[in-house]
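For the record, the sequence lines run as chains B and V. Heads up: the first sequence begins at 163 in the working numbering, then just goes up one per residue. Heads up: the second sequence begins at 163 in the working numbering, then just goes up one per residue.
Honestly, I wouldn't trust all of these hints.
Identical chains share a label here; the pair holds if one copy fits it or two copies do between them.
Said to hold, decoys possible - Restricting the straight-line Cα-Cα distance to at most 20 angstroms, the calculated cross-link-like pairs of lysine to aspartate or glutamate (DMTMM-like) are:
1. Lys263 x Asp277
2. Lys275 x Asp259
3. Lys477 x Asp557
Don't read these hints as lab results, they were simulated from the structure.
Number of protein chains: 2
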Amino acid sequence: MRKMRRKGLASMAVQTAETPTNPTTPAVDLGPAAALSCRECGHKVPLGPVFACEECFGPLEISYDFSAYDAEELRKRIEAGPANIWRYAPLLPVPADVATKPNINPGWTKLVKADNLARELGVTGGLYVKDDSGNPTHSFKDRVVAQALEAARAFGFTTLSCSSTGNLAGAVGAAAARAGFRSCVFIPHDLEQGKVVMAAVYGGELVGIEGNYDDVNRFCSELIGDPAGEGWGFVNVNLRPYYAEGSKTLAYEICEQLGWKLPDQLVVPIASGSQLTKIDKGLKELIELGLVEDKPYKIFGAQAEGCSPVSTAFKAGHDVVRPQKPNTIAKSLAIGNPADGPYVLDIARRTGGAVEDVTDEQVVDAIKLLARTEGIFAETAGGVTVGVTKKLIEDGVLDPSLTTVVLNTGDGLKTLDAVAGTGLTATIRPNLDSFREAGLA
Amino acid sequence: MRKMRRKGLASMAVQTAETPTNPTTPAVDLGPAAALSCRECGHKVPLGPVFACEECFGPLEISYDFSAYDAEELRKRIEAGPANIWRYAPLLPVPADVATKPNINPGWTKLVKADNLARELGVTGGLYVKDDSGNPTHSFKDRVVAQALEAARAFGFTTLSCSSTGNLAGAVGAAAARAGFRSCVFIPHDLEQGKVVMAAVYGGELVGIEGNYDDVNRFCSELIGDPAGEGWGFVNVNLRPYYAEGSKTLAYEICEQLGWKLPDQLVVPIASGSQLTKIDKGLKELIELGLVEDKPYKIFGAQAEGCSPVSTAFKAGHDVVRPQKPNTIAKSLAIGNPADGPYVLDIARRTGGAVEDVTDEQVVDAIKLLARTEGIFAETAGGVTVGVTKKLIEDGVLDPSLTTVVLNTGDGLKTLDAVAGTGLTATIRPNLDSFREAGLA
Chain B
163 MRKMRRKGLA SMAVQTAETP TNPTTPAVDL GPAAALSCRE CGHKVPLGPV FACEECFGPL
223 EISYDFSAYD AEELRKRIEA GPANIWRYAP LLPVPADVAT KPNINPGWTK LVKADNLARE
283 LGVTGGLYVK DDSGNPTHSF KDRVVAQALE AARAFGFTTL SCSSTGNLAG AVGAAAARAG
343 FRSCVFIPHD LEQGKVVMAA VYGGELVGIE GNYDDVNRFC SELIGDPAGE GWGFVNVNLR
403 PYYAEGSKTL AYEICEQLGW KLPDQLVVPI ASGSQLTKID KGLKELIELG LVEDKPYKIF
463 GAQAEGCSPV STAFKAGHDV VRPQKPNTIA KSLAIGNPAD GPYVLDIARR TGGAVEDVTD
523 EQVVDAIKLL ARTEGIFAET AGGVTVGVTK KLIEDGVLDP SLTTVVLNTG DGLKTLDAVA
583 GTGLTATIRP NLDSFREAGL A
Chain V
163 MRKMRRKGLA SMAVQTAETP TNPTTPAVDL GPAAALSCRE CGHKVPLGPV FACEECFGPL
223 EISYDFSAYD AEELRKRIEA GPANIWRYAP LLPVPADVAT KPNINPGWTK LVKADNLARE
283 LGVTGGLYVK DDSGNPTHSF KDRVVAQALE AARAFGFTTL SCSSTGNLAG AVGAAAARAG
343 FRSCVFIPHD LEQGKVVMAA VYGGELVGIE GNYDDVNRFC SELIGDPAGE GWGFVNVNLR
403 PYYAEGSKTL AYEICEQLGW KLPDQLVVPI ASGSQLTKID KGLKELIELG LVEDKPYKIF
463 GAQAEGCSPV STAFKAGHDV VRPQKPNTIA KSLAIGNPAD GPYVLDIARR TGGAVEDVTD
523 EQVVDAIKLL ARTEGIFAET AGGVTVGVTK KLIEDGVLDP SLTTVVLNTG DGLKTLDAVA
583 GTGLTATIRP NLDSFREAGL A
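Please model the complete structure; the sequences and the hints are all you need to start from.
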């Protein structure tokens with residue numbers, strides 16, 4: 163058991179009772195999803211609530227059958243689809259009629275042309291902010307939860323659960339409520355009040371765990387192996403392969419919103435690293451499907467200095483990521499032992515990108531910079547990406563003459579403490595004399 | 163001056179220096195907007211930053227020239243437009259190229275089919291929630307501010323300003339930042355912390371006024387008449403006729419999202435009453451333009467008991483609204499002297515609707531009900547509309563067999579205090595024993 167635990171999620175690799183036996187004929191209808199495939203050894207298993215390879219304990223991911231698609235027809239089908247992630251149903255592990263089922267239908271958030279920010283940062287090639295605060299519970303987590311929910315439905319689960327740093331808790335609570343699932347969410351007991359209330363208000367179980375996010379995650383893995391966890395779909399554990407695919411929709415939307423073009427550079431936050439790896443997967447799929455022209459793109463990863471295991475490994479030239487104990491205001495990125503860290507390193511190096519980190523002070527400055535220039539109030543994670551973008555430009559690593567997309571994955575209202583110092587610039591009595599006395603005239 | 167003040171906003175009726183003289187040839191390009199027209203006496207003046215009739219001090223509103231439109235062509239043009247309010251540019255006081263200018267581009271928010279809530283309330287005819295928490299700063303105010311900003315640009319103003327109960331402050335701060343205006347926002351000094359920080363983070367002036375919203379509003383009217391207010395566009399005072407038109411987009415979107423059909427019943431919150439009157443205006447325009455079939459609809463107004471001047475007048479059969487001193491948790495609706503109150507009474511009576519109010523306790527219950535059933539976390543104003551809907555059904559006033567649309571105009575994260583009692587359902591140590599001890603297994 164010790165040895166398996168070192169492999170992380172691999173310890174609870176396969177729940178065979180739920181798994182059909184023939185990998186070529188999935189028993190569940192999840193659209194183009196054909197099988198689960200090991201990212202390490204390529205071993206394939208049928209679609210089911212499993213997340214680690216039975217052969218090598220590597221992480222499983224969805225493999226698809228896209229062979230029937232014609233690029234032009236597919237593009238038209240997508241463009242005629244709903245203004246949410248289900249427009250990309252042909253590219254996701256969901257049934258074709260997914261848009262008719264009760265779900266929170268996230269996505270198709272704004273890609274904001276950030277001309278004011280571009281001027282301040284000296285970007286001349288076009289700067290965009292993909293603003294996922296527009297999702298139903300105001301973070302990108304709605305994308306992955308909506309996916310996991312469809313898998314949970316397909317596998318007959320009745321409870322939707324997760325470990326969470328906060329944003330995910332709200333997304334799971336909301337999605338479960340809409341879709342008629344019971345929810346039970348596990349969070350570190352000391353989260354920001356806004357995230358706690360936002361998760362609790364949906365009426366599901368909300369359980370505080372005395373420990374940090376890694377402790378919460380370990381506990382959930384234990385619960386899955388226990389009879390008490392039967393019928394439970396943990397969106398980011400036993401449903402992780404499905405869940406993770408939701409991040410591909412960020413890549414799809416960015417390209418479609420750019421007029422079916424790849425950006426030259428993307429700056430993506432790193433928590434577990436899953437989002438960044440799936441954005442890369444999504445971009446590669448669009449190229450392979452002929453929906454965008456094949457050209458090089460660079461992916462940059464962004465971390466907070468107080469939780470920068472991937473950035474540290476990148477700078478040291480390492481292939482493995484050494485866990486850290488998180489200590490940063492960017493709690494939604496505070497995963498000290500990021501499961502996809504090594505894949506992030508691969509992608510940053512392969513595409514010519516980089517991984518960088520910024521201090522908490524730089525995070526706060528970047529939140530204010532984005533708000534002041536573009537009217538977008540970002541969560542601390544958005545401060546991390548904007549701050550890292552600034553730093554990478556100053557260091558000559560990010561090319562300001564190229565088209566650049568920066569992700570904001572959450573909402574400033576959930577991390578008000580970070581900017582609590584901002585407030586009234588003056589307090590006056592309701593008359594012109596008082597207005598003048600305050601120097602406002 | 164006393165007498166004029168009793169007419170409310172009329173005291174600062176006309177700023178002649180900014181106003182062109184020929185009502186048939188507007189000097190500014192605001193698309194189909196032809197003139198300003200008095201809602202009381204019909205007197206017309208050219209488009210300008212004026213808000214009250216020079217003849218009778220009645221409120222001015224935009225009159226349009228829609229004569230060139232063909233219904234089918236217009237419908238296609240709208241459907242081909244952007245996924246925001248500018249798809250309706252042909253029906254708004256904005257230039258045709260509005261979508262290319264820097265603005266926050268709100269709208270096209272979700273119309274959620276609320277089947278779970280319908281079951282709980284016994285609605286069989288189809289229940290929908292128009293969820294405006296999906297706007298850029300998470301309230302419907304982004305719609306009206308985006309409109310006012312275009313008017314401010316057309317009139318050459320350089321400062322964007324407002325009096326606000328909170329939501330508007332954030333919307334003005336964000337829009338001004340994006341569009342490159344200076345902003346100076348006036349709010350009651352004791353607002354919810356979330357709204358204060360959200361307004362302050364955009365970097366403009368944020369001035370607390372020692373008084374309630376009505377005091378803030380009065381002060382702004384004074385400032386407009388003073389040289390200190392020159393070049394200032396107060397979105398909800400001297401730009402009010404343009405600003406108010408933004409609410410029409412709620413009507414347009416609801417009908418388009420229902421497949422170009424009118425709903426049978428709408429439940430709309432009342433603060434100043436402007437939103438409700440403009441929704442009615444929008445619905446009537448769609449009928450007149452032939453974009454929807456002409457059939458009866460009923461509009462219901464919703465207030466909190468602690469600020470229910472319109473509801474009180476409706477129940478008493480009065481035509482005038484007697485001001486109240488607000489005392490409710492629904493601060494975004496806490497306007498004790500609602501400018502459009504009499505028009506709201508007219509509309510509720512003419513359409514066969516009603517105006518009702520609920521207690522703060524019912525507001526909180528309704529917030530939780532909506533969250534638990536639909537995964538939508540509403541601001542207190544959303545608790546008011548859902549609570550009033552429930553009450554109207556129970557009282558047999560709202561017909562549950564008809565298609566009903568309930569508005570949620572804001573976001574629960576901005577009024578966390580209202581549901582602060584919700585939180586963790588349990589706190590455990592990270593192991594299965596502790597999980598079982600807590601009765602969670």
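Against the structure, the hints come out as follows:
no., hint, result
1, Lys263 x Asp277, "between (38 angstroms within a copy, 11 angstroms between copies)"
2, Lys275 x Asp259, "between (33 angstroms within a copy, 16 angstroms between copies)"
3, Lys477 x Asp557, "within (14 angstroms within a copy, 67 angstroms between copies)"
Hint check: no violations occur; every hint is consistent with the structure.
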